[in-house]
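Start from the sequences and build out the full structure, keeping to the hints where you can.
Protein chains: 2
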Amino acid sequence: MLIRAFIPAHITAFFVPKFNDDPLLAGSLGAGVNINKGVNIFVNIENSLERHVHVAFNGEPVKKRNAIISYSVAEELVPKDFLGEVGIWQYFDFPNGYGFGNSAGGALGTALSLAFAFKNMTFLQAAQIAHKYEVLNKGGLGDVIAQIHGGIEIRVKPGAPGIGVVDNIFSENYRVLTVPFGRLSTRKVLDSDVVKLIEIEGKKALEKLLEKPNIENLMKLARSFAERTGLLSGDLLEIARELDKSLKLPASMIMLGKSLFAFLKDEEVEMVQKTLEELSIQNYQICGIWEEKPKVERWIG
Amino acid sequence: MLIRAFIPAHITAFFVPKFNDDPLLAGSLGAGVNINKGVNIFVNIENSLERHVHVAFNGEPVKKRNAIISYSVAEELVPKDFLGEVGIWQYFDFPNGYGFGNSAGGALGTALSLAFAFKNMTFLQAAQIAHKYEVLNKGGLGDVIAQIHGGIEIRVKPGAPGIGVVDNIFSENYRVLTVPFGRLSTRKVLDSDVVKLIEIEGKKALEKLLEKPNIENLMKLARSFAERTGLLSGDLLEIARELDKSLKLPASMIMLGKSLFAFLKDEEVEMVQKTLEELSIQNYQICGIWEEKPKVERWIG
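Chains as they are written, first to last, in the working numbering: chain A, 551 to 851; chain H, 551 to 851.
Because the hints were derived from the structure by calculation, they are not lab data.
This structure is a prediction, so every number in the text was calculated from the model and none was measured.
Idealized CB from N, CA, C, for every residue including glycine.
Just so you know, nobody snuck in bad clues.
Label-pair distances were calculated between CB atoms; the ranges are:
1) H:K798 <-> A:N723: 38 to 46 Å
2) H:E761 <-> A:R737: 32 to 40 Å
3) H:R848 <-> A:E820: 17 to 25 Å
The list that follows gives simulated cross-link-like pairs (lysine-lysine, DSS-like), each with its CA atoms no further than 27 Å apart:
4) A:K746 <-> A:K770
5) H:K754 <-> A:K669
6) A:K568 <-> H:K707
7) A:K587 <-> H:K845
Written out as structure tokens, the structure reads:
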């Protein structure tokens, strides 16, 4: 049996981390957007004499210690008495560590595919397991719950799926420009002093966004958050300013990656592409907003 | 400006009403399914010198007292200082009062379309307004929150969107047969003694479904709920039993309408159509499951 799931990449615009000893109560407040590229997961299940789980990233098998989140999710989802081979093939449209929610996407896609295959758990039960191992292994705090909702999202109450609350903003005809420059360790940032400033600025941004919940306000607040926390500075800030010149809404930083993102309409594409060319930036993508829930289906290849 | 929304019809399989003086805390527990027919809402907005709201059902203008839920929703969503004509055209695929969640669909579609048009509210803020007027006018308790999630749903915590919690069951390739026979007043049933039995049986069904969350168990529990509460009896029960003969999963009653529903796969369609013909039932529909969130978009007609 072959199952396919698609989980959108999730970009965080601003956030407030909410730590908790109970991983289901840990999460984040904030806002971001789900896009129509992300993680494709193929789960292949075949009966055999022994219970085996394999995980592969972009076609390459990975050891347990390098895919601890996905292995843990699979261990909990595959029934204890199942005898057979479970192959979990994860393909990423974006590089790891750049702030696209790859680890959450892989975990959630694994959980939903296995629940779909074995029909032994609900959607939220499976999604909670993905969230739990994401949090326990410091993969992220709010990606899983954002990804199950899709669209431009506001996390208004922290926690796992079924506990946290995610809202959406209405928008029309926007596309999303993503420009990845490098990795940024979420773990390092959250363990540093910046976290205090993130909490203050993130809370302020969330309150202001809920007063006026539209995309213009979202990007104004995202940029202000990125600059005030000091996370967006130096070269990255310079590039954001250059992009601003050919965009109606301000560009901002992807939390947390050394990456930029911006919303734009069709008529702005040509102009921004010219600007990117002038900046000698070839590595960028223009995607759509993923408005739906994740897709899970039987795959007839 | 013309906005179009589609809200799926929502069929309740079993439920536990949860009354509360605060309409945002009122709601229901239970389970049901969203289908790919339901309510299409077109909202036409034009500037003019006065602020006017009109509602029409299936092309016919309706007075305020006959569409109090939709008028109330519009009154709260259209900005106070807006000058113009707002036409709300609701088209129903199913008859009113038969248990398809028409009033919730109309209210939710109106709320989401207006929030999309004016970009002044979030998705949940708009959906809460629809839920509030549904509850206050006894249109229903759990349809709005079920409709925003789609799929085969389990309401695990009661309340308005953003407060209640809705889960989903995984299923594959099922279609939904709906057979409407007549109206049943939700209000009358909820005001009668049957409500005690509904609460006991509904709670039991929900617990059992969460232990084994699959479609076979859902329909077994739905049918048991329908029979034990005495809501499914007489002729309607006889017809359900006839349908059972050509279906793998038991048929059950739509809560609350004098209507039946059943899940079936492609290979069962021919057989059940023959049975319906033998019973001289011509008025039925075979629909798909609506797995997504409601659709809201600008309409270029």
